[in-house]
Amino acid sequence: MSLDNLSSGPNGAQPTLEKQYLFVYGSLKRNIANPMGAMMRAHANYTAEAIIAGRIYDLGPYPGLVLEDCGTAVYGELYEIVRPNALLSLLDAYEGCSEEDQQPHEFSRVLATVRDNEGMDYRAWVYVYQGVVDPQWVLTSGYYQPSTGVA
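Residue numbers (my numbering): -8 to 142.
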């Protein structure tokens, strides 16, 4: 997969799209046991492995994605959302960026361009980290795997 010409989208309201997609890169991925991930997959159809331009940081219990056009990629999964309003409301609350959550939010939901493993581009929702990052936290592989707790 290539990062050529991937760009991030604007913050904003629900888009008027025929289909809506979600890109996940952390604790919501299929290979990670997480009740919210299982709930998400009940309301979204796995589409493909995908990449997004940016960097992924290890924030301790979970990762954070920072969108950057810096030649690096973050690897994750693309899902087609079946019931966008319901699912995105639940995920906004899970990610701490709903209207009810205290400001400033640690994450925000934005539209960005992701590329699947066939080279096709999609506009997809993605949760982006809003905090300060330390360069030492970057996961240079672009992949997130949770810590097993084993030394």
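In case anyone wonders, no lab produced these hints; they're calculated from the structure.
Virtual Cβ for every residue (Gly too), placed ideally from N, Cα, C.
Worth double-checking, as some hints may not be accurate.
Computed Cβ-Cβ distance ranges for the label pairs, DEER-style [to be verified]:
#1 Val73 to Val123: 32 to 42 Å
#2 Glu9 to Glu109: 29 to 39 Å
#3 Asp92 to Val57: 18 to 28 Å
#4 Val124 to Asp92: 16 to 26 Å
#5 Ala77 to Ser132: 26 to 36 Å
#6 Glu9 to Pro52: 33 to 43 Å
#7 Arg21 to Ala84: 16 to 26 Å
#8 Ala77 to Ser99: 29 to 39 Å
#9 Glu91 to Met30: 10 to 20 Å
#10 Gln93 to Glu9: 28 to 38 Å
#11 Asn25 to Leu130: 26 to 36 Å
#12 Val57 to Gly110: 21 to 31 Å
#13 Cys61 to Asp112: 17 to 27 Å
Query raised in the report: What hints, given by number in increasing order, does this structure fail?
Result: As far as the earlier hints go, 2, 8 and 11 are violated by this structure, in ascending order.
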